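For the record, the sequence lines run as chains V and C. All residue numbers for the first sequence refer to the working numbering, where the first residue is 307 and numbers rise by one. All residue numbers for the second sequence refer to the working numbering, where the first residue is 35 and numbers rise by one.
By construction, these hints were calculated from the structure, which means they are not laboratory data. Quick caveat: nothing in here was measured; it's all calculated off a predicted structure. Please note: incorrect hints may appear among the correct ones.
Between beta-carbon pairs, the in silico distance windows are [stated by the list, open to error]:
(1) Asp89/C to Gln371/V: 22 to 30 Å
(2) Arg293/C to His592/V: 53 to 61 Å
(3) Gln393/V to Arg293/C: 36 to 44 Å
(4) Arg380/C to Pro620/V: 49 to 57 Å
Looking from chain C toward chain V, a few residues come up when the C-beta cut is under 8 Å (computed) [said to hold, decoys possible]:
(5) Asp214
(6) Ser220
(7) Asp260
(8) Leu262
(9) Gly271
Far from chain C, some chain V residues (derived; all Cβ distances over 10 Å) [stated by the list, open to error]:
(10) Glu323
(11) Asp418
(12) Arg599
(13) Asp616
Just so you know, even glycine gets a beta-carbon here, dropped at the ideal spot from N, CA and C.
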Amino acid sequence: MNSPLILAVPSKGRLQENAETFFARAGLDLVKPRGARDYRGTIKNFDGIEIAYLSAAEITSQLAQGAVHLGITGEDLIREMIPQSDQRIVFVTPMGFGHANVVVAVPQAWIDVRNMADLDDVATAFRHRNNRKMRLATKYANLTRGFFAEHGIVDYRIVESSGATEGAPAAGTAEMIVDITTTGATLAANGLKVVDDGTILRSQANLVAARAATWDDGQRATVRLLFDRIAAQRRAEAFREVRTRFPGMNDALLTAARETFGVVSPFGGPTSSGMLTLHCPPDKVHALATFLRERGAETVSVVALDYVYDRENPLYAKLAAELERR
Amino acid sequence: MTMSSHFPHSPRREPDPRAEALVASYTRGADNPYVRIAPPVLQPAEPFLDLGGEDIRRRMFLTTDPEGRELCLRPDLTIPVSCDYLASPQAGEPAGFCYLGPVFRHRDGAAAEFLQVGIESFGRQDKAAADAEMLALGLEATRQYGVDAPVIRMGDVALFGAFIDALDLAPVWRRRLKKDFNRKASLAHDLDQMTLAPANGSKEYQGVLAALNGSDPKAARHLVTDLLSIAGIATVGGRSVAEIADRFLEQSAINAPTRLPRETRALIERFLSLTGDPDEAASELRKLAADAGIDGALGAALDLFETRTGFMVTRGIDVRGIEFSTGFGRRIDYYTGFVFELHDARARSRGALVAGGRYDGLLSWLGARAQIPAVGFAAAIDDLIACGALRDRGQP
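Based on the provided sequences and hints, a complete structural model is requested.
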């Protein structure tokens, strides 16, 4: 029996819901055949794949070891937990949810600190004045070190923090923090502000692949099929189908439409009677319909697409190319 | 969770007889005998983290005791030896120590546990002689392994400090340039920034700075307090109102130049580009100081420099072969003066065989009430053995 492709999905909360929605849009229903509390699942009517429900941190470490093939986790965790992550992880695609920024924040009272250059100077002055280094509370020690080194800041100490990092300055256990934030509201409520150029990473949930996993032929075939479904849905979402038929519809007009509206004609140019099917970016649909009628079309119909399967499989092509590189 | 299977560790090996002989020779010392000590392998992590910066944390083996105190396997011996000296009845008196033992650091592609032999010398007021003695004893270490004429790289952190202090610079620039001395990329970047951009940066401050122009510290504190209360900021974390006000004051100082003048920048670059043997460098430095009209301010540092070179000559060191550079630093912030490294001439890229320098500020940082002069060095036994082995096999 072939061993299945393993996809690690967050085991709780909004991340799990969003991940399920992401796959459901591609017609992939994540199911737990043995009940909702099971930590293993499958995809309905899709063979060769096993879903592992894990915490975001576990997903990241399992990816690093190659114990799972694919995973859904925040870019922040990958960059923080996996050294040289670009060599070990393939970022297949961002997923459009779980947006959050990893930022440097300082007390609002530091009205003389706007940017990282100010912070650099303040940190050095602080050491001279207090004979100790400024403390920075964070659970992102590696991201912080890299970012501070880029800015040439050396006079600081990291204090590991596992929860409620934003409370550290008020509690007196650190002078500043690096933390994840979506709106900044929690930071503001704790009397903190984000340093102007202090955004270390704009993170979101990513579908990623582990280079170190075994990628046998069966698993490659499975992932190819899986990515084909996701890509087909992606492509469908990026276009509306526009149909029309009128005698003036010729190749010259099609070229003009391509250049003006970015349309594609997936089934070839207009027929002899001027029948044509176009795929048009959603925000250009109405302008295109006007354009076509001005040139003689009586009727233009527009419909949404469920899937557009193409010979190209860009997500798989990217993964395959990256796996070759090792 | 399973651990990565690749974990570099040293093979168990017999004590290296040449290292033992070397450390024994240090205890007999022709000029000064050094007392051999063996500080605990397990050390409090705090001093290493605070002095070494975050860069060292990545490479340290850290653990926590049941009471939550952070401990580490010693990543070097300078700090442990210094702590033992400070805890001893001799603290403050002249005293010298030598050691031979393992240190622990993550290193790419090399064993994380490796042997160091070294010396730390405390409390000697004859700094120039002590510096020269460290170089001579470091050379004995390479000689012990058959590396008779290593490349000697040398610098002097105190020269840069004295030079920067002598220039007419805003305090914020001075702090920054000194801090970046050990990071040449940052230094070049800073010089660009200072030449191009106004010193007090963002326009948002201009109102505050204008209001502060000519104020005294007390008035400045009132202004900052008012600003905070207008902004509805009740809590001040970490830094006091006085600290914030003082920094504004520094930036608003009357006549503070808004940019680094081009000629000052050129002078800094000329200073940093000086290389040569110590005698050449000293005369170049005297010339530069005279041109810039700062010979008075550089005098003491230069005198010490030249006296030190004299002691090296007395010890029979070929100073004409020393590669001195004003820009040479050791990426460790506690050095305050003389720094040096010994390299195998055929494999310079592999890092220093022996490295050391003067660190007069460290002991007071560690709790000494008065400043205690300190200088020392450490030699990497594994690298010396590797060099010696190459030589024994007759490789060029």
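- Quick one: which hint numbers does this structure break? Sort them smallest to largest. 7 and 11
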